[in-house]
Amino acid sequence: RKEVEQDPGPFNVPEGATVAFNCTYSNSASQSFFWYRQDCRKEPKLLMSVYSSGNEDGRFTAQLNRASQYISLLIRDSKLSDSATYLCVVIPGGYNKLIFGAGTRLAVHP
Amino acid sequence: GAGVSQTPSNKVTEKGKYVELRCDPISGHTALYWYRQSLGQGPEFLIYFQGTGAADDSGLPNDRFFAVRPEGSVSTLKIQRTERGDSAVYLCASSPDRRETQYFGPGTRLLVL
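Protein sequence lines, in the order shown, are assigned to chains H and X.
Each residue of the first sequence is one higher than the one before, starting from 1 at the first, in my numbering.
Each residue of the second sequence is one higher than the one before, starting from 111 at the first, in my numbering.
If you're looking for bench data, these hints aren't it; they were derived computationally from the structure.
Heads up, a few of these hints could be off.
As the list claims (entries may be wrong) - Think about it this way: if two alpha-carbon atoms lie no more than 27 Å apart in a straight line, the pair counts; the simulated DSSO-like pairs of lysine-lysine are: (1) X:125 x H:97; (2) H:42 x H:2; (3) H:45 x H:79; (4) X:125 x H:42; (5) H:45 x X:125; (6) H:42 x X:121; (7) H:45 x X:188; (8) H:97 x H:42; (9) H:97 x H:45; (10) H:42 x H:79; (11) H:42 x X:188; (12) X:121 x X:188; (13) H:2 x H:79; (14) X:125 x X:188; (15) X:127 x X:188; (16) H:2 x H:45.
These figures come from a predicted structure and were not determined experimentally.
Can you make the complete structure from the sequences, with help from the hints?
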């Protein structure tokens with residue numbers, strides 16, 4: 001079983017739609033959680049951190065459920081520029097050894 | 111300011127050859143990481159340096175892979191006797207310290223023919 005699992009998609013949505021991505025992780029001792037965004041043929045970039053209390057940044061909301069070992073990302077009012085791969089990332093602990101999921105592809109169309 | 115830079119951006123080599131991939135971290139960043147990303151997958155951890163020393167090399171796939179960071183700044187990932195399965199994007203990241211956000215470079219695309 002992979003340490004971090006995501007639905008690979010692709011999710012094809014129209015502009016203005018709300019879309020949600022989910023991710024599960026296997027290591028219950030994991031300490032930190034993030035969503036990264038990766039554009040085609042580019043490096044990953046940090047989108048946002050994820051906390052148990054929830055974290056909102058504009059149109060993006062991230063949530064962590066430690067009991068279920070589940071992480072989510074909600075994007076409201078999708079824009080064409082949101083088209084990318086979204087990577088779920090977990091830090092097992094100690095230091096910043098990032099464990100990535102395989103990513104979920106999002107394609108927003110007019 | 112300048113971000114993480116990696117050279118070359120692309121490298122094509124033949125099976126069995128030796129390659130070196132270079133990473134220039136952000137100035138002052140003490141932590142440096144190498145990851146490998148295969149097509150359709152997320153990046154996979156290879157090795158972590160804190161200063162000059164490799165604090166964790168548990169992700170290196172076998173002894174053909176080796177990395178150094180002799181002066182605590184630039185790092186070189188070395189691959190001996192390359193195999194077609196080594197073809198991937200090799201990403202470098204740095205952070206001010208081990209618990210800080212990592213900033214990724216653009217990667218080196220390695221193709222082994």
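Hint consistency between residue 42 of chain H and residue 188 of chain X [alpha-carbon to alpha-carbon, up to 27 Å]: holds (22 Å)
Pairwise hint evaluation, residue 79 of chain H against residue 45 of chain H, where the allowed Cα distance is 27 Å at most: With Cα atoms ~18 Å apart, residue 45 of chain H and residue 79 of chain H stay inside 27 Å; holds.
Pairwise hint evaluation, residue 97 of chain H against residue 125 of chain X, where the allowed Cα distance is 27 Å at most: Cα-Cα ~30 Å, so violated.
Pair hint outcome, residue 121 of chain X versus residue 188 of chain X [Cα-Cα no greater than 27 Å]: Satisfied, since the Cα-Cα distance of roughly 13 Å is no more than 27 Å.
Pairwise hint evaluation, residue 121 of chain X against residue 42 of chain H, where the allowed Cα distance is 27 Å at most: holds (16 Å)
27 Å limit on alpha-carbon distance, applied to hinted pair residue 2 of chain H and residue 45 of chain H: Answer holds: residue 2 of chain H to residue 45 of chain H is near 22 Å, not above 27 Å.
Pair hint outcome, residue 42 of chain H versus residue 2 of chain H [Cα-Cα no greater than 27 Å]: holds (24 Å)
Given hint residue 188 of chain X paired with residue 127 of chain X - CA-CA distance at most 27 Å: holds (11 Å)
Given hint residue 79 of chain H paired with residue 42 of chain H - CA-CA distance at most 27 Å: This hinted pair holds, its Cα atoms lying about 19 Å apart.
Distance restraint between residue 125 of chain X and residue 188 of chain X, which requires alpha-carbon spacing of 27 Å or less: Distance of about 15 Å is within 27 Å: holds.
Residue 125 of chain X paired with residue 42 of chain H [C-alpha distance capped at 27 Å]: With a Cα-Cα distance of about 26 Å, the restraint between residue 125 of chain X and residue 42 of chain H holds, given a limit of 27 Å.
Holds or violated: residue 97 of chain H to residue 42 of chain H, with C-alpha atoms at most 27 Å apart: holds (20 Å)
Hints 1, 5, 13 from the list above are not met by this structure, while the remaining hints are.
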